[in-house]
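Colleague: Chain residues, written in single-letter form:
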Amino acid sequence: AQKVTQAQTEISVVEKEDVTLDCVYETRDTTYYLFWYKQPPSGELVFLIRRNSFDEQNEISGRYSWNFQKSTSSFNFTITASQVVDSAVYFCALSADAGNMLTFGGGTRLMVKP
Amino acid sequence: DTGVSQNPRHKITKRGQNVTFRCDPISEHNRLYWYRQTLGQGPEFLTYFQNEAQLEKSRLLSDRFSAERPKGSFSTLEIQRTEQGDSAMYLCAIPGGGAGSLSYEQYFGPGTRLTVT
Chain Y
1 AQKVTQAQTE ISVVEKEDVT LDCVYETRDT TYYLFWYKQP PSGELVFLIR
51 RNSFDEQNEI SGRYSWNFQK STSSFNFTIT ASQVVDSAVY FCALSADAGN
101 MLTFGGGTRL MVKP
Chain P
1 DTGVSQNPRH KITKRGQNVT FRCDPISEHN RLYWYRQTLG QGPEFLTYFQ
51 NEAQLEKSRL LSDRFSAERP KGSFSTLEIQ RTEQGDSAMY LCAIPGGGAG
101 SLSYEQYFGP GTRLTVT
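Chains as they are written, first to last, in this note's numbering: chain Y, 1 to 114; chain P, 1 to 117.
Source of the hints: derived by calculation from the structure; they are not laboratory data. Accuracy of the hints is not assured; some may be wrong.
[Unchecked claim] Some chain P residues near chain Y, calculated using beta-carbon distances under 7 Å: (1) Arg31; (2) Gln41; (3) Gly42; (4) Phe45; (5) Phe49; (6) Gly72; (7) Phe108.
For each residue, glycine too, the CB sits at the ideal point set by N, CA and C.
Starting from the given sequences, assemble the full structure and let the hints guide the process.
Modeller: As structure tokens, this is what we get:
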């Protein structure tokens with residue numbers, strides 16, 4: 001069975017602070033895929049990134065960066081110089097293969113205050 | 001725009017009534033997924049279709065729930081004899097990529113929020 005744990009239910013930061021959202025996963029599959037989604041107050045889930053289990057390179061996209069560590073089964077997400085528009089619920093998810101169902105964590109609510 | 005529309009966006013119903021939701025991908029996709037998201041939780045998988053065939057169902061999908069995808073395009077999710085515990089956001093998703101591709105990520109519609117009173 002697959003499981004995704006986001007231990008931080010809520011994080012509050014002041015604008016321009018850096019913040020890291022933690023994600024720990026469990027799976028018996030040797031190949032799997034990890035994702036991050038953003039759910040702003042409007043409610044729609046927005047895909048941010050996918051990472052394959054066989055590619056442990058970290059990735060940076062603007063103010064966003066992702067740190068995948070297979071040894072600790074973690075896929076953490078860092079927002080640098082946070083902005084109010086980053087306020088949302090962020091979900092980490094796991095899939096066994098292309099086209100398979102996604103298993104989501106419980107989400108982390110990020111509040112960025114001006 | 002994720003290319004998925006869902007109707008209605010909101011539905012309020014009384015306990016015991018039947019409700020039906022619809023999901024319309026803008027373009028053709030082999031696969032279509034349904035998830036449910038309760039307040040303060042992450043989405044949970046309900047079922048998915050490969051064209052018209054319903055290939056997998058979660059144990060969350062009790063016998064009061066039925067989903068169809070009659071022509072391999074739009075899909076409907078019906079809940080019979082609704083209960084208060086059915087109150088949730090019902091999300092439809094399609095894979096990224098072209099019509100025949102199986103992309104790893106999924107793109108979600110805006111959802112239908114169901115409130116059972």
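Colleague: If a hint holds in the structure, say so; if it doesn't, say that too.
Modeller: Taking the hints in turn, this is what the structure says about them:
no.	hint	result
1	Arg31	holds (6 Å)
2	Gln41	holds (6 Å)
3	Gly42	holds (3 Å)
4	Phe45	holds (4 Å)
5	Phe49	violated (11 Å)
6	Gly72	violated (15 Å)
7	Phe108	holds (4 Å)
Going through the hint list in order, the structure does not satisfy hints 5, 6.
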